[in-house]
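Visitor: Single-letter residue listing:
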Amino acid sequence: MKLLPLLQLFLLVYFFFVNGAYSVLTILAFPLVRQQHRRSFIDDLPGLFKSRLAPGVSILVPAHNEEAAIVDSVRSLLMSHYPKFEVVVVDDGSTDATVAELIEAFGLRKVYRVARDEIATAPVHATYLSKQYDNLVLILKERGGKADALNAGINAAKHPYFFSVDADVVLERDAVIRAMKPVMRDPERVVASGGIVRVANGCKIVNGRMVRAGLSPRHLPVLQVVEYIRAFSAGRAGLSVLDSLLIISGAFGVFDTRLARNVGGYRLGTVGEDMELLVRMRRRLIETGTKHHVLYLAYPVAWTEVPETFSLLGRQRARWQRGLCETMWHHRRMLFNPRYGHIGMLAMPFFLLVEFVGPIAEAAGYVLLLWWIVTNQVFWPFFWWFFTLSVLWGVLLSFAAVLFEDVNFTWYRLRRSLVRLLGHALLENMGYRQLTVFWRIRGVWQFIRGETAWGHMEHRGFGGSLPNQPESDKAAG
Amino acid sequence: MQRQKHILVVEDDALARGIVGRRFARLGWRVSEATSDEGALETLAAAAGDIDVVVTERMPLAFNGFDLARRIRALQGPAAATPVVVLSGLDRPSDIAAVLASGANGFVSKPFDLGDLESEVARVMVLRDEADPKAARP
Amino acid sequence: MNFAVVSRVVVAFASANLALVAYIVLRRLLQHPSDPKREACRARYESALDDLLAAPGESEAASLLTYDDDWEAEELQGAILSRADLLRGDSLEIMTRAFVDSGLFEARVKDLGHRRVWKRRLAADALGRCGSQDAVRHLVLCMRDNDDDVRSIAAKGLGKLRAVSAIEYLVSLFRDIADRSCVSVADTLISFGSEALPALLAASGDPGSSERTLYWVLRCLESVGDPTGAVRAAHEAGSHIAPALSHESDRVRAAAAAALGRLGAPSDLGLLRDAFEDPVAEVRRQAAAASGRIAGVDAIPALLHLFADPDFDVSYSSSRALLSLGEPAVDAAQSLASTATGMAYKRALEVLDSAGRTVAL
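Residue numbers (our numbering), protein chains in the order written: chain A, 46 to 522; chain B, 9 to 146; chain C, 243 to 603.
A portion of the hints provided could be inaccurate.
As the list claims (entries may be wrong) - Cross-link-like lysine-lysine pairs, in silico, DSS-like; alpha carbons within 30 Å at most:
(1) 588/C to 129/A
(2) 361/C to 118/B
(3) 176/A to 13/B
(4) 118/B to 129/A
Calculated from the structure, these hints are not laboratory results.
Between the sequences and the hints, there should be enough to build the whole structure, so can you do that?
Guide: In structure tokens, the structure reads:
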């Protein structure tokens with residue numbers, strides 16, 4: 046059957062291409078990460094704190110039924126170490142004591158403020174300001190979901206940049222100032238900036254600050270540590286060198302307020318709203334011919350708890366894949382469209398072929414391989430090639446990423462930790478990655494079937510926990 | 009026999025905490041440390057007036073008012089009157105005024121000189137003793 | 243396609259890569275044992291430094307501040323500079339002396355002439371933070387470096403050392419270095435406060451100044467110190483800033499309006515007249531804010547007029563500015579509220595609400 050060798054060749058070429066692309070990104074990422082690492086030594090943070098030229102930042106906090114943790118969370122954000130910022134809490138139609146708690150804790154008082162309505166949102170009922178804290182604003186609005194609440198926050202934000210921080214992210218005290226430092230160096234052009242998010246499982250977190258980084262004793266989180274290092278340090282850093290960054294992690298990102306308003310804010314009804322917003326922003330800038338930068342921040346400032354069970358992890362990965370599909374679909378016109386420069390010709394195709402087609406091709410590869418072994422049709426050289434190109438090369442990439450990260454940011458100081466990481470880097474490519482392929486296929490399937498809701502998570506508010514509460518219930522994944 | 013003076017240093021950066029703590033230890037003070045507002049309040053409440061002065065860098069920006077001082081004043085018992093000296097990077101007169109207005113007794117700007125900090129602590133304690141001679145330790 | 247040959251090539255390539263990785267892994271693993279050693283060394287230095295700070299003059303700790311290897315020097319430098327960042331006066335002097343006596347100062351001065359740019363950057367950074375006035379002349383020479391970063395790092399260092407003699411140099415830098423390095427230079431000039439005013443005003447009034455220089459000089463002027471009325475009058479800022487108000491660049495006009503708001507006199511309100519009608523919203527916004535700051539109640543008519551501006555931020559700034567002008571302004575807003583419609587009406591209500599007057603919606 047002529048089809049067999051053709052299929053085999055196709056699969057091999059595909060894997061060669063994918064891993065080759067990742068290798069290129071990894072190599073490109075090295076100088077960038079090294080550069081930023083060295084720069085962190087001469088970052089004059091106390092001097093920056095006193096800088097009169099620091100652009101203002103609005104920290105957006107969408108909240109729904111978070112009465113247990115909202116006050117602590119807001120108080121912690123109010124202590125951010127930055128000279129010019131405000132905290133905008135958007136209450137998304139909470140039915141519990143969220144608003145009452147805030148009013149009491151911060152001496153909030155209802156005021157009449159003309160509402161900016163550049164982005165259409167669910168109706169805003171009221172604005173509250175604090176007598177004690179002149180950089181705290183509370184917006185009350187009707188329920189509309191997280192993206193809608195963020196949009197109301199963007200409307201109300203008074204500073205040129207806004208921060209969107211996910212509920213379960215632990216930020217360093219200096220997170221805002223470190224994230225803004227590269228923005229300050231190039232304020233006219235930077236429209237978004239995001240960075241690596243590290244895994245908080247197993248780390249010692251005291252009062253919302255990372256005290257000592259460590260690896261969880263369980264395997265699943267450590268596998269994700271390796272995965273994140275590879276995906277961020279190599280993948281995204283490399284993409285940013287090629288000016289092809291299309292995702293700023295929803296966990297932690299800085300965006301240009303005015304631009305976000307111009308493009309209409311976050312899109313409702315999609316699960317990958319952070320990626321979708323960034324793609325839309327870049328699209329608009331390309332269409333208007335505006336030069337811009339999207340920065341990647343190699344110095345880790347945000348830590349998040351990752352799922353520790355297979356079911357939660359599976360759901361998370363399916364959701365991410367669905368979000369990717371939705372965004373690609375919405376902006377399909379940019380694909381291979383020379384009008385969109387390297388974003389259309391390089392970045393989008395990369396995401397399409399590697400992140401979207403990737404899991405499908407990989408799954409096809411495994412299924413076919415299994416079929417051929419079972420029906421005794423396997424062409425053994427093919428098998429070894431397949432193994433080398435997909436698995437061994439993957440191991441190489443993971444090793445390289447982990448080692449490079451370790452050289453620069455030795456967060457896990459013990460030798461034991463490094464050995465564990467490398468061991469899990471092996472494991473990641475022999476079993477774990479294949480598992481994620483399965484979940485991602487499920488995500489694609491869900492997209493095709495048209496599921497767009499967040500599922501049962503909606504009832505639990507935005508993740509069921511707030512910043513600096515790593516111990517709280519992680520059921521929302 | 010002079011009772012040993014007791015200082016509480018509230019600072020989440022180990023570096024500054026170490027410098028200040030070491031200096032006062034050398035001067036013969038008893039040094040307690042806290043790394044957060046909550047920790048500081050707990051320690052103060054537990055010490056029930058034994059702490060003579062609080063030196064802190066932990067505060068939000070001045071235009072928010074000095075949260076920790078306010079919360080200290082809200083404590084029950086003798087701890088509420090503990091003098092507070094703020095060590096901060098703010099340098100605008102308006103910010104400093106705001107800090108003092110919300111309950112702090114003294115202010116030393118960063119970068120700081122340890123000698124200045126010592127003098128400010130001494131000044132604040134003298135004022136405290138004048139205001140409340142009963143509380144003054146021999 | 244000759245499978246055998248290609249597969250040999252691939253195998254060779256893969257083996258080479260794996261060998262490289264194995265090598266790196268081994269080296270890394272072998273280096274790790276030194277981490278506890280480094281930490282112990284660092285802890286020793288830190289302890290000695292803290293002892294010195296705690297009991298200056300009494301302590302024997304100074305003798306412990308020596309090093310043999312490069313990595314020890316790195317740890318010592320890190321320990322000294324991180325303390326120096328926090329300190330000034332006598333305490334800083336202790337750190338400076340430690341830096342100089344241990345030979346680190348000399349070493350860093352030598353590095354300023356190094357071939358590799360990162361060495362020069364790190365050296366400039368270290369010298370800027372060490373607190374020694376002897377570093378000033380070295381940092382001034384850094385201004386001639388080819389690399390923008392070295393220059394801006396040196397500028398920051400000069401700011402920290404309060405080297406007022408370098409102010410002119412710093413202002414002239416705006417012309418030569420890229421926009422993104424201008425921020426540190428500007429910050430440094432701002433930190434000098436009123437001492438930098440004469441040079442800044444001269445540059446802003448100089449018709450030969452480039453667009454970039456004008457922009458950054460005006461940004462500095464907007465933030466420099468907290469000038470009192472006396473300082474304002476003495477410098478007659480208005481006449482120096484006026485030409486920039488009609489510059490062809492948007493950002494220069496906006497920065498000029500902002501600077502005028504900081505340093506202008508009440509009589510300068512007329513200069514802003516054109517700015518109120520500027521086609522660019524940001525310029526109008528800055529003009530609104532500025533007029534509130536300098537002209538007091540004379541600015542009320544202009545601000546009320548801007549309540550109806552189509553741009554949200556402009557009308558918002560006018561509303562804030564009006565609020566700062568006290569009772570007569572609020573009265574004016576009240577009468578406006580009875581006749582105006584649309585955004586102007588809403589802004590008037592906003593002012594009334596903020597002023598505590600009851601608002602009938």
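Visitor: Hints first: check each against the structure and report whether it holds.
Guide: Verification of the hints:
With a C-alpha separation of about 27 Å, the suggested pairing of residue 588/C with residue 129/A holds against the 30 Å cut-off. With a CA separation close to 29 Å, the supplied pair residue 361/C and residue 118/B stays within the 30 Å bound. A distance of roughly 37 Å separates the Cα atoms of residue 176/A and residue 13/B; the hinted pair therefore is violated under the 30 Å criterion. With a C-alpha separation of about 18 Å, the suggested pair residue 118/B and residue 129/A falls inside the 30 Å cut-off, and the hint holds.
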